[in-house]
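2 protein chains.
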Amino acid sequence: MAFWKSLFNNSANAIAPSSKTQSEEETLLKTGETKQESKILFSTTRSIDLYELEELCDAVGWSRRPLRKVRKAMQHSFLVVSMWEERGANRRLIGFARATSDHAFNATIWDVVVHPKAQGKGLGKALMNYMIKRLRQEDISNITLFADAGVVEFYNRLGFVPDPEGIKAMFWYPE
Amino acid sequence: MAFWKSLFNNSANAIAPSSKTQSEEETLLKTGETKQESKILFSTTRSIDLYELEELCDAVGWSRRPLRKVRKAMQHSFLVVSMWEERGANRRLIGFARATSDHAFNATIWDVVVHPKAQGKGLGKALMNYMIKRLRQEDISNITLFADAGVVEFYNRLGFVPDPEGIKAMFWYPE
Ligand SMILES: CC(C)(COP(=O)(O)OP(=O)(O)OC[C@H]1O[C@@H](n2cnc3c(N)ncnc32)[C@H](O)[C@@H]1OP(=O)(O)O)[C@@H](O)C(=O)NCCC(=O)NCCS
Ligand SMILES: CC(C)(COP(=O)(O)OP(=O)(O)OC[C@H]1O[C@@H](n2cnc3c(N)ncnc32)[C@H](O)[C@@H]1OP(=O)(O)O)[C@@H](O)C(=O)NCCC(=O)NCCS
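Those sequence lines, one after another, are chains A and B. Going by the UniProt record's numbering, the first residue of the first sequence is number 1, and it counts up by one from there. Going by the UniProt record's numbering, the first residue of the second sequence is number 1, and it counts up by one from there.
Here chain A stands alone, though its shape is the one from the complex:
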């Protein structure tokens, strides 16, 4: 874990500089040299097994959402990033995030999640840095999100500023 952490301290750079930037899949890093070798990789494919995604969201206590709507939301997100742990022939979904966008000025990041067993190792940071890198490659200048109170500090360390110039997050509630 210490090994991962140090690798991720500059994770925007640490993300597989050798891999093709526009491909649908990038390897973050490899660990171990023997039969237990494991790889962390990112994918931007939208064809994720929705049951696997549901399991991941369950694991952090998020409430269930109709799969039909989840599928629609994935299709209409500008960017969908999933993070996988690969050991031999096995792949496990360990992280996820997506962004909506007008494809020109703004993107808003939603549903950032890392599996509890994979948390605290710098992987959330790597996932977010990967999102930011991809959004900037698409020439999006305004990257925004709505942060729950408990994770403001997590995003702040990544360069997100809370309520800049007095801007407020506003949510509409029916009367």
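What you were told as hints is all true, and nothing was included just to trick you.
Below, computed lysine-lysine pairings styled on DSBU-like, alpha-carbon distance capped at 35 Å: (1) K133/A - K72/B; (2) K69/A - K133/B; (3) K72/B - K72/A; (4) K69/A - K69/B; (5) K125/B - K69/A; (6) K39/A - K121/A; (7) K72/A - K133/B; (8) K72/B - K69/A.
Note that these hints are calculated values from the structure, not bench results. All values reported here derive from a predicted model rather than from experimental measurement.
Go by the hints and put chain B with the ligands onto chain A.
Just chain B with the ligands, lined up with the frame of chain A:
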């Protein structure tokens, strides 16, 4: 103006209940009964004259944006609403707003603007209530926005709550 104001106090209901809800255009109200008759109407078409939109944004002091990007942003917005004042054969763009969305859960409203000459008459409120109505018709449950400090109160009166449960607006800045 007082006449408009009273009409808009319950503007979610006041918006042309007789018109077809899924059409691209709705008449908000008619004023005057003589040759000076003027109508306010909403449109959801994306084919707005971008120079006219630029003029509107100029009028409230927003900085200019490349038209190529504005066009792209309009194409990839989930909902685009323009507000027009019509007098006889003449139409003038007096208001605008758009929303990005995942088409399933969330929508985020951007670029809300009413021409300075038309402000303070309840038209911004009517425009926002129209946006909300349309988003709810599309089954969007989470309607959000990032409000500049000076307009938090405007949105608050429309049912938007600032930083609910400690949620923060976060914007990413390059290091
Ligand atoms: C928030 C979350 C994505 C973070 O993922 P993670 O892999 O544990 O985070 P990392 O290990 O990459 O942490 C990166 C840095 O942020 C810090 N950090 C992580 N979570 C934090 C939190 N909740 N509060 C404050 N700091 C936090 C870490 O200490 C680390 O600091 P360092 O760079 O100084 O070492 C993960 O905890 C999660 O999925 N939580 C549940 C879902 C959730 O709340 N999502 C956000 C909804 S808005
Ligand atoms: C903000 C804006 C859209 C409001 O439009 P408007 O047509 O003047 O607003 P309305 O007349 O419908 O006002 C509705 C209510 O909000 C109040 N209100 C309007 N602007 C307000 C403001 N800046 N602060 C506090 N209250 C405001 C009005 O007094 C009115 O109150 P009432 O219902 O009690 O009578 C308009 O002023 C504008 O385009 N401003 C410049 C662009 C801008 O700042 N956009 C927002 C970017 S986040």
